[in-house]
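2 protein chains.
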Amino acid sequence: MTNIAILGFGVVGSGVADLIVKNNEEVVNFGGDEINIKYILDLRDFPDSPFADRIVHDFNVILNDPTVSTVIEVMGGSHPAYEFTVAALNAKKSVITSNKEVVANFADEFLRLAVKNSVCYRFEAAVGGGIPVISPIIECIRQNKIREVRGILNGTTNYILTKMFSFGESFKAALSDAQAKGYAERNPDADILGIDAARKITILSALVTEKLLSPDDIHTEGITEIRLADVTAAEKIGCKIKLLGRCINDGDAPYVMVAPFMLSGDSALADVSGVYNAVEVVAEPLGNVMFYGRGAGAGPTASAVVGDLMQIMRHGETRGPEVERSSAIAPFDSFSCRRYFAFERSAAETVKATFGDVDFIDSDECAFITPVMSESEAREKKKSATASGFAPLSHIRVL
Amino acid sequence: MTNIAILGFGVVGSGVADLIVKNNEEVVNFGGDEINIKYILDLRDFPDSPFADRIVHDFNVILNDPTVSTVIEVMGGSHPAYEFTVAALNAKKSVITSNKEVVANFADEFLRLAVKNSVCYRFEAAVGGGIPVISPIIECIRQNKIREVRGILNGTTNYILTKMFSFGESFKAALSDAQAKGYAERNPDADILGIDAARKITILSALVTEKLLSPDDIHTEGITEIRLADVTAAEKIGCKIKLLGRCINDGDAPYVMVAPFMLSGDSALADVSGVYNAVEVVAEPLGNVMFYGRGAGAGPTASAVVGDLMQIMRHGETRGPEVERSSAIAPFDSFSCRRYFAFERSAAETVKATFGDVDFIDSDECAFITPVMSESEAREKKKSATASGFAPLSHIRVL
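Going line by line, the protein sequences match chains E and Y.
Take 98 as the starting number for the first sequence in the working numbering and just add one per residue.
Take 98 as the starting number for the second sequence in the working numbering and just add one per residue.
Mixed in with the good hints there might be a few duds.
Any copy will do: because identical chains look the same in the list, a pair fits if it lies in one copy or spans two.
Unchecked claim - Taking lysine-lysine and the DSBU-like style, the derived pairs with C-alpha atoms no more than 35 Å apart in a straight line are:
no.	residue 1	residue 2
1	Lys-213	Lys-189
2	Lys-333	Lys-478
3	Lys-135	Lys-479
4	Lys-449	Lys-308
5	Lys-333	Lys-269
6	Lys-242	Lys-135
7	Lys-242	Lys-278
8	Lys-449	Lys-189
9	Lys-213	Lys-333
10	Lys-333	Lys-278
Derived from the structure by calculation, the hints contain no laboratory data.
In isolation and in its complexed conformation, chain E is listed as follows (with noise of 0.2 Å):
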């Protein structure tokens, strides 16, 4: 019998309980023994639920009973969950979270402690929901020199910009549409701003090159500034626009980023559409893979957090990948790729002038794609078109 404890009976939660009852056959013959949810901790009580014997206001009951192995921390947000965490590792209770922000802020920390205390510290369901993504990383490819992790990692984005493409809506309808359907939060801000990508993008970037960064250090774009016209014009010339993070590890430091890319159709990425996820990595000799599915939901959540459970309760403590705190990335400035402008009509002569001769994409607007070029000329063209009389529409990198 392996007792656990439930952090937060939230959606996350009360999926991760559902599964333990609902899959119990699964569960027993796949992890090799009996799963018992001792604790549930929340502030609330569920008269109602079939765990209401279960609650628990108080963690120290969790902390303080040796016979609970493994904590499952679904609660969200930095505190407690931080404070949760080091207390049950240092207890020499193994942790399993889904809470992308505390890991992208104290995974190393969580991951020093866990080794340190003979028991695991496991994540996998903080990034790409139910996808296994962390896993197979850690496990399946670390022999390849990673060149790039990069991925579709928030549904809600994807499935504004998939509106965008297949419905012709504008950005604020298909927010609209978002919320409306329970994909966007009522404050969108942490999706649509690209915050919830740049915490993932932290994570996967910290497996491949073993350096946690601040995801305050991460330029992080969101898709507020994405017109219809942009996407539009992709389309004309077979691309699509996803809001990308991107780990490039091919230097002393890596570039590390989200932004909106133009993606050609060729590009695995560009397939992957409305609330799904999906990770790329470009590895040698590896090659290309992808690991796609459901990034968010209750169901998906809870298999990545269970999965993690049958892990541990399957090998115990195995070397995790080793991570130590790091400021060290690429300027963002020197980032070179090609570049997808678009000017108002009138500015032709203006964008000849500054750009060169570049080929127009047949649209309403003065829409190009530009050579390779760094970001500070990028900036520089920028501020000249601008002193011009023409400032940008838009200015999306291409992948």
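Since the structure of chain E is already known, use the hints to place chain Y on it.
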């Protein structure tokens, strides 16, 4: 120092040796130990190879060397791969393979022997080349109720179907092109008749159901009957034709098959083009997840083989999947789905009389999609139409 032996110094064997040398830093960091390729078994000598001094011609040299802890079998074919694998496991050496034929035929015995001898038997490279598929299914997903595993498991046939779709080539022309590019063998039967895919779905099916079928018991159709007209008709209704291996795990015994299917554009598998492979798992509460990448080639296959080696070095013996030999398979006659049929133009009356009031796809033929019907129903209808003088030109199932 971990001493290994490689059986077979062909494309995959030399890819494995190259990876271990070129990515030595990653391998040592990840696996936690230096790897020494002590022996390479091959009938040939390789005087110009940097590994010339490791070549041996007698398997007993490897078998009788107690310092060799892991044997990498990348010879292909059932024999002597079977005999070498049994002998190595009984000599308490772990075995890793990329050889789908020997896995599909004997995995139950090898896994049992591995447990008995407290060593590992691993075969990530046998399905999907470098794509992590087997490890994520074994380690990350089995807490779910797995309803289906299906995939594009053969790059050669997917390349041919993609060429037919994208360039309007006939099957024959696309096959010639695949042969010219080295994607298809001079004798392409194992690929185009679905034999290779049948071995792979046998393996995936064993992971999901814990029962190993014989590939011979699996209904297997290749792509040799697919006409350009079918591909074009599919495109007209927003579909693509893909050769799928499917294991549908919804009743007492699974339906397991290899056959071409028509996939709507909504299916993630429909977007898998060229030589790429993908495996999709449908599970509760996880939903759909897909693993995508290159399904063959020296580099990707070596990545999977060395990935297995890393896991053995990191975790030692682990409870693998338990797999029993079985012949319990759902009778294909009762397999039900919608179906695409094509008849010659003049068959319209016969078609209506046989299939009822179907909608014809805009083409030069009488092509249409039926409602859901079983294999036996479909066979009766084909027989009846044929008796009226019109044998179907095509019959393709719809996913």
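Each hint, compared with the structure:
no. : hint              : in the structure
1   : Lys-213 / Lys-189 : both (9 Å within a copy, 33 Å between copies)
2   : Lys-333 / Lys-478 : within (24 Å within a copy, 45 Å between copies)
3   : Lys-135 / Lys-479 : neither (60 Å within a copy, 60 Å between copies)
4   : Lys-449 / Lys-308 : neither (43 Å within a copy, 66 Å between copies)
5   : Lys-333 / Lys-269 : both (22 Å within a copy, 33 Å between copies)
6   : Lys-242 / Lys-135 : between (43 Å within a copy, 24 Å between copies)
7   : Lys-242 / Lys-278 : between (41 Å within a copy, 27 Å between copies)
8   : Lys-449 / Lys-189 : neither (65 Å within a copy, 71 Å between copies)
9   : Lys-213 / Lys-333 : neither (56 Å within a copy, 61 Å between copies)
10  : Lys-333 / Lys-278 : both (29 Å within a copy, 31 Å between copies)
Of the numbered hints listed earlier, those contradicted by the structure are 3, 4, 8, 9.
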